[in-house]
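In order, the protein sequences belong to chains R and L. Numbered by the numbering used here, the letters in the first sequence go through residues 5 to 112 in order. Numbered by the numbering used here, the letters in the second sequence go through residues 397 to 577 in order.
No wet-lab data here; the hints were simulated from the structure. Some hints could be false.
List of simulated lysine-lysine pairs, PhoX-like, C-alpha gap at most 20 Å [stated by the list, open to error]:
{"#": "1", "chain 1": "L", "residue 1": "K566", "chain 2": "L", "residue 2": "K527"}
{"#": "2", "chain 1": "R", "residue 1": "K9", "chain 2": "L", "residue 2": "K572"}
{"#": "3", "chain 1": "R", "residue 1": "K9", "chain 2": "L", "residue 2": "K564"}
{"#": "4", "chain 1": "L", "residue 1": "K566", "chain 2": "R", "residue 2": "K9"}
Only part of the chain R face toward chain L is listed, based on derived beta-carbon distances under 10 Å [what the hints assert, rightly or not]:
{"#": "5", "residue": "L10"}
{"#": "6", "residue": "R12"}
{"#": "7", "residue": "Q13"}
{"#": "8", "residue": "S17"}
{"#": "9", "residue": "D63"}
{"#": "10", "residue": "L90"}
{"#": "11", "residue": "E105"}
For each label pair, taking beta carbons as the anchor points, the in silico distance ranges come out as [stated by the list, open to error]:
{"#": "12", "chain 1": "L", "residue 1": "E399", "chain 2": "R", "residue 2": "L52", "range": "29 to 39 Å"}
{"#": "13", "chain 1": "R", "residue 1": "V48", "chain 2": "L", "residue 2": "R416", "range": "42 to 52 Å"}
{"#": "14", "chain 1": "L", "residue 1": "E494", "chain 2": "R", "residue 2": "S23", "range": "34 to 44 Å"}
{"#": "15", "chain 1": "L", "residue 1": "E494", "chain 2": "R", "residue 2": "Q13", "range": "50 to 60 Å"}
{"#": "16", "chain 1": "L", "residue 1": "E494", "chain 2": "R", "residue 2": "L55", "range": "57 to 67 Å"}
{"#": "17", "chain 1": "L", "residue 1": "E497", "chain 2": "R", "residue 2": "A56", "range": "22 to 32 Å"}
{"#": "18", "chain 1": "R", "residue 1": "Q13", "chain 2": "L", "residue 2": "V411", "range": "37 to 47 Å"}
{"#": "19", "chain 1": "R", "residue 1": "H34", "chain 2": "L", "residue 2": "I493", "range": "27 to 37 Å"}
{"#": "20", "chain 1": "L", "residue 1": "A404", "chain 2": "R", "residue 2": "L90", "range": "48 to 58 Å"}
{"#": "21", "chain 1": "L", "residue 1": "S427", "chain 2": "R", "residue 2": "L55", "range": "41 to 51 Å"}
Positions of the beta carbon are idealized from the N, C-alpha and C atoms, including for glycine.
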Amino acid sequence: MDDDKLIRQFMLSAREEVSDSGFSARVMRHIPNERPFWVFPVIVLFSLAILAVLFVWLDGWSVICNTYVRIYTAVAYAKHFTFNPLYLLVFLALGCWFITEKVKKLVY
Amino acid sequence: MAELSDQALIARVTVFGSRRAFDTLVCRYQSPLRRFLQNLTGGDISLSDDLAQEAFIKAWTQLATFKNKSSFETWLFRIAYNVFYDYIRSLKESQSIEDVEREVESLYHQHANDGSIKADVTQALGRLNPKERECIVLFFMEDRQIKEIADITGLPEGTVKSHLSRGKEKMTAFLKQNGYG
Numbered sequence: 005m006d007d008d009k010l011i012r013q014f015m016l017s018a019r020e021e022v023s024d025s026g027f028s029a030r031v032m033r034h035i036p037n038e039r040p041f042w043v044f045p046v047i048v049l050f051s052l053a054i055l056a057v058l059f060v061w062l063d064g065w066s067v068i069c070n071t072y073v074r075i076y077t078a079v080a081y082a083k084h085f086t087f088n089p090l091y092l093l094v095f096l097a098l099g100c101w102f103i104t105e106k107v108k109k110l111v112y
Numbered sequence: 397m398a399e400l401s402d403q404a405l406i407a408r409v410t411v412f413g414s415r416r417a418f419d420t421l422v423c424r425y426q427s428p429l430r431r432f433l434q435n436l437t438g439g440d441i442s443l444s445d446d447l448a449q450e451a452f453i454k455a456w457t458q459l460a461t462f463k464n465k466s467s468f469e470t471w472l473f474r475i476a477y478n479v480f481y482d483y484i485r486s487l488k489e490s491q492s493i494e495d496v497e498r499e500v501e502s503l504y505h506q507h508a509n510d511g512s513i514k515a516d517v518t519q520a521l522g523r524l525n526p527k528e529r530e531c532i533v534l535f536f537m538e539d540r541q542i543k544e545i546a547d548i549t550g551l552p553e554g555t556v557k558s559h560l561s562r563g564k565e566k567m568t569a570f571l572k573q574n575g576y577g
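Pulled out of the complex, with its shape left as it was, chain R reads as follows:
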């Protein structure tokens, strides 16, 4: 038999899983309570710094202003919208169908 194979077979015959028997619990009892406090604030500050850079670089302020203007215009146009009860019925029917399908999937 190949020497490598012989040694491997021999070694593996002695390889056993070591049962936990409370070892993990013992380790966790000895783990110091201090968490690496600095890590989380550093990550938050770093992320905020990146966001600030992106905001300035991508001209975030004008994006916000333009979005606000669009919403305002849409609401202004909506004032001229005349309500038709049929729309409500269609909306309710679609809603009922959607909910029924979801419930069917859940039950079956």
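Given chain R, work out where chain L should sit, using these hints.
Okay, now just chain L, sitting in the frame of chain R:
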């Protein structure tokens, strides 16, 4: 949390200090790590458990420094290996390499007949010098690649290969003498 990868668990520990995530890592790796240390200490279960515990505590405190250059398991084994040698050095005032190796030998043979691990394997490993033993255990029992063994022991890959080669010769001789071949 059992299905989460090591990376996800490490992220939870480093970012949120999650003890639960670390507990999952301890449960996942306690068996190979304790077995490895038992093989280094000649089967001294109590000592190897103490060393394993210290290794896990060090891993908890140093986890933020873990860089994905190797797997978490290899990194953990490296810590355990260093903890083992720190312990050996703490037994002796003088810290020359020869003294440390002599101390490892003495520790190994002191417990080698405890019957706590299979006697023949312990006896066979007892014929090797400490470095050969470590390389043989990692290669054959823990299924580590040469590069991983080099990462764990801090030895160059060429040196690991030399130790493995010499260790294999001695192991083969032992096995053939004892009717395994």
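How the hints compare with the structure:
no., hint, verdict
1, K566/L <-> K527/L, "holds (13 Å)"
2, K9/R <-> K572/L, "holds (13 Å)"
3, K9/R <-> K564/L, "holds (11 Å)"
4, K566/L <-> K9/R, "holds (15 Å)"
5, L10, "holds (6 Å)"
6, R12, "holds (5 Å)"
7, Q13, "holds (8 Å)"
8, S17, "holds (7 Å)"
9, D63, "violated (31 Å)"
10, L90, "violated (50 Å)"
11, E105, "violated (30 Å)"
12, E399/L <-> L52/R: 29 to 39 Å, "holds (32 Å)"
13, V48/R <-> R416/L: 42 to 52 Å, "violated (22 Å)"
14, E494/L <-> S23/R: 34 to 44 Å, "holds (38 Å)"
15, E494/L <-> Q13/R: 50 to 60 Å, "violated (34 Å)"
16, E494/L <-> L55/R: 57 to 67 Å, "holds (58 Å)"
17, E497/L <-> A56/R: 22 to 32 Å, "violated (57 Å)"
18, Q13/R <-> V411/L: 37 to 47 Å, "holds (44 Å)"
19, H34/R <-> I493/L: 27 to 37 Å, "holds (31 Å)"
20, A404/L <-> L90/R: 48 to 58 Å, "holds (51 Å)"
21, S427/L <-> L55/R: 41 to 51 Å, "holds (44 Å)"
Consistency with the previously given hints fails for numbers 9, 10, 11, 13, 15 and 17, ordered from lowest to highest.
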